[in-house]
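Visitor: This is what each chain is made of:
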Amino acid sequence: MGAINLLGIACNWSPFACYNAAGQAGMELPPSFRLMRVMCIGRINQALILRAFEYGADGVILLECFDEDCRYGPGPEVGHTNVERVRRLLHFLGIGQERLLEKAFAANEKEALVRALWEFSEQIEELGPNPAKPRQERVAS
Amino acid sequence: MILDNPRVKEIIARRHLHMCLECGKCSASCPRYISGKQYSPRMLAHKLIAEPQDRAYIENSVWDCLTCGQCQERCPSGVEFVQLILDMRRELAASQGLMGYRAHDGALHSWMRIMTSPDLKQNRTQWLSPELKTRTRGETAYFVGCAPYFDVFFAGLGVRTLDIAKDSVRLLNRLGVEPVVLEQERCCGHDLLWSGDQDNFTELCRLNYQEFKAAGVREIVVSCPECHSVLSQYLPQVVQGCDLKVTLLIDLARRAAEQGLLDFTPLEGVVTYQDPCRLGRQAGCLEAPRELLGRIPGLELKEMANHGLGALCCGNNSFINCDAYSKRHQVERLRQGLATGAGLLVTACPKCMIHLTCAMRDPHQDGPLQMKVRDLASLLADHIR
Numbered sequence: 110m111g112a113i114n115l116l117g118i119a120c121n122w123s124p125f126a127c128y129n130a131a132g133q134a135g136m137e138l139p140p141s142f143r144l145m146r147v148m149c150i151g152r153i154n155q156a157l158i159l160r161a162f163e164y165g166a167d168g169v170i171l172l173e174c175f176d177e178d179c180r181y182g183p184g185p186e187v188g189h190t191n192v193e194r195v196r197r198l199l200h201f202l203g204i205g206q207e208r209l210l211e212k213a214f215a216a217n218e219k220e221a222l223v224r225a226l227w228e229f230s231e232q233i234e235e236l237g238p239n240p241a242k243p244r245q246e247r248v249a250s
Numbered sequence: 003m004i005l006d007n008p009r010v011k012e013i014i015a016r017r018h019l020h021m022c023l024e025c026g027k028c029s030a031s032c033p034r035y036i037s038g039k040q041y042s043p044r045m046l047a048h049k050l051i052a053e054p055q056d057r058a059y060i061e062n063s064v065w066d067c068l069t070c071g072q073c074q075e076r077c078p079s080g081v082e083f084v085q086l087i088l089d090m091r092r093e094l095a096a097s098q099g100l101m102g103y104r105a106h107d108g109a110l111h112s113w114m115r116i117m118t119s120p121d122l123k124q125n126r127t128q129w130l131s132p133e134l135k136t137r138t139r140g141e142t143a144y145f146v147g148c149a150p151y152f153d154v155f156f157a158g159l160g161v162r163t164l165d166i167a168k169d170s171v172r173l174l175n176r177l178g179v180e181p182v183v184l185e186q187e188r189c190c191g192h193d194l195l196w197s198g199d200q201d202n203f204t205e206l207c208r209l210n211y212q213e214f215k216a217a218g219v220r221e222i223v224v225s226c227p228e229c230h231s232v233l234s235q236y237l238p239q240v241v242q243g244c245d246l247k248v249t250l251l252i253d254l255a256r257r258a259a260e261q262g263l264l265d266f267t268p269l270e271g272v273v274t275y276q277d278p279c280r281l282g283r284q285a286g287c288l289e290a291p292r293e294l295l296g297r298i299p300g301l302e303l304k305e306m307a308n309h310g311l312g313a314l315c316c317g318n319n320s321f322i323n324c325d326a327y328s329k330r331h332q333v334e335r336l337r338q339g340l341a342t343g344a345g346l347l348v349t350a351c352p353k354c355m356i357h358l359t360c361a362m363r364d365p366h367q368d369g370p371l372q373m374k375v376r377d378l379a380s381l382l383a384d385h386i387r
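Residue numbers (the numbering used here), protein chains in the order written: chain A, 110 to 250; chain B, 3 to 387.
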């Protein structure tokens, strides 16, 4: 395992189809990568991305559909706005905006998805750990 | 079990809850209760003393309070209800991990906790421009607070909180002060404190104090009432030997105006003023904003039905438990503002601005709720002669 923690948040439709296909094809993924599947990237708000960094993520990548492919309508556009704002917050915080990325995939682009994950992983390895030390919240019972 | 918890018994005694006569003035004036929520300060007092086995009621109520202080203001028996709520939140957060339902999914609390990291190298002063004269070391600092962060997070609301910081520095420059603005200043921690997260709050206080000391700061000027409340009242409780002087920008401006050092250009029209809870009822600063507004030629101040010590809260505090009752309450407040005939609602707290602007956006309300909202510091800075 690498010293860094990467979190991918993937839309259930095109990106997850790519991820699934990559798994079936036995393609290797960065060892430090963990995936969270959501029904649509529009489900993710600024708070959930920030929470990942609060909990010690070193990099977060949002894997989404192309705007015109969204099953629900405005999902990817919501994602763009959130990413744009959280990147500015990460810059203020000194965590660095390059630690948050969004990428769109069509359902048949497993190679592109795997390549994007490796590139992101290399980029974050180079940056090193997130300077914000994780401080876990005390969660109710 | 609350019944056997000696710490809860101690809180009840320390906050004089046994003095309660069950007169009900607290509930009759509570904005939550009036908005129809199943929450009553009087009932909470009763449960804590007489039915402590009703844990569900107590645990919900402790987080439902807006901590606006209206009940405490009206209480004839001197029950320190707001402090009771704060103590109970600290207790329930520490012993049971309860944190209330956090608005905006807790994003604001997240960045506040991220700021407890000592190694953080923030880039938070990029809004400073050459015409704003500031320093990196000196005796007097201006505490910016969360303004740069709110500006981005609430971009969708069109609330430009960073303008308050810029205008405050402009005002200070006009008063001959070149304030220190710290690159590594943290959030004051108000919302962590009031949502019970004492450990992270203490950490923020400690880091801020270190930053002030390292820059040679002895006096801090603040424009935000919540930062003022924390820095003057709560930070000295957790930082041993704290010797910082904390001054409200509007007090400074008022003194300068009284000495004839500050004059304003005219603004024709009617405005109304929203007293922030932490400024009015809790810091007792009711006169200074009104006096300053009165010094702007042509400006007519018309008070809302509830004002001064009886002012209505903006509907939410520390970004927890924002709900339909908050909304109902905010709509009521905006209607009071509109009823004055004012074209402008002036407030002195960025959070009042955020919450009231948010409530205005409801397309389903019967009749428009839109009012222009501005911060007092911005209004004054725009009208400096």
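Calculated directly from the structure, the hints in this document are not laboratory data.
C-beta atoms are modelled at their ideal positions from N, C-alpha and C, and glycine is treated no differently.
Take these hints with a grain of salt, some might be off.
Covered stretches of chain B (in silico footprint by chain A; criterion: 3 or more residues with CB under 8 Å from a CB of chain A, positions within the stretch not fixed) [what the hints assert, rightly or not]:
hint : stretch
1    : 98-110
2    : 124-133
3    : 267-274
Visitor: Kindly indicate which numbered hints from before are broken by the structure, ordering the numbers from low to high.
Guide: 3
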